[in-house]
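K.L.:
Here's the letter readout for the chains.
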Amino acid sequence: MANGNPLTPAAFQVLLALATGPGGRAHGYGIMGFVAEVTGGAVQLGPGTLYRTLTRLAADGLAEELPGEDSRRRYYRITPAGRAVAAREAALLGRLVAAAGDAGLLARPESA
Amino acid sequence: MSRPLGLVPHLFVRDVDAAVSFYAKAFGAVELFRTVLPDGTVLFVELAVGDARLLVSQEIAALDALAPSTIGGTPMLLTLETDDPDDLARRAVFAGATVEAPVTEMFFGERYGRVVDPDGHRWALTTKREQYTPEDIDARKPHDV
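Chains A and B supply the protein sequences, listed in that same order.
The first sequence begins at 1 in the numbering used here and counts up by one.
The second sequence begins at 113 in the numbering used here and counts up by one.
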């Protein structure tokens, strides 16, 4: 399951979208929009990928579906376990990105 | 350039629900969704097994898509990588698999064993240690293999 194993990219992106949402919650369409926006359109989670990823996260106890008033717009919330796993993954990615910076692989922001 | 993005085994079984239940108990598989035809036939069930996907369908005699137990064997070995193959093998046997080769330390640096699931699909359960290079493995290879 999710104990100690790295998350798939899609799983991390979905948890990130949930953690960003108010109260750690978001609906499917919002998750897709967030991921497209934060990656500058480089990553487009399709509905099928999103559904599979959310189902898997729920089975692993990392996210939960909220009982909805509107059946057409399903809301999901990150769980404390999901937050812990996402934080661990973010720390790992942070170290890799820092190393990429040291290696000169990060584009420097344009100086004003 | 077109390049493959994934490799997904699609298994044919005699009873989809029994197979899905076995994969859940044995390997912690999670059902992601199923596609059911209007007449109630389960076209396929998509499972998550670890980070991998697995498709399971009812055997279809008309298409010659048959379960190993119907054919009387399979040419395919599905290799499942895990931290603890001993535990996975115990779970598989508890769920109804039979042991084909007990889990043991192998010359190629993995703990490895094989089980056969209730439909006759063969599974290798192994660690993914990658502690030896191909040269190391050649040097350690028994002479009678």
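Just so you know, these hints were derived from the structure itself, not from any lab.
Quick caveat: nothing in here was measured; it's all calculated off a predicted structure.
Note that the Cβ used here is the ideal one computed from N, Cα and C, for glycine as well.
Keep in mind that the hints are not guaranteed to be accurate.
A few chain A residues that face chain B, going by a derived Cβ cut-off under 10 Å, partial list only [to be verified]:
no., residue
1, Thr8
2, Phe12
3, Thr55
4, Ala58
5, Ala59
One-sided excerpt, in silico: chain B residues whose CB lies under 8 Å from chain A [as the list claims (entries may be wrong)]:
no., residue
6, Val142
7, Val161
8, Asp163
9, Ala207
K.L.:
Does each hint hold? Answer for all of them.
P.N.:
Do the hints match the structure? See the list:
{"no.": "1", "hint": "Thr8", "result": "6 Å, holds"}
{"no.": "2", "hint": "Phe12", "result": "12 Å, violated"}
{"no.": "3", "hint": "Thr55", "result": "5 Å, holds"}
{"no.": "4", "hint": "Ala58", "result": "9 Å, holds"}
{"no.": "5", "hint": "Ala59", "result": "4 Å, holds"}
{"no.": "6", "hint": "Val142", "result": "4 Å, holds"}
{"no.": "7", "hint": "Val161", "result": "11 Å, violated"}
{"no.": "8", "hint": "Asp163", "result": "6 Å, holds"}
{"no.": "9", "hint": "Ala207", "result": "17 Å, violated"}
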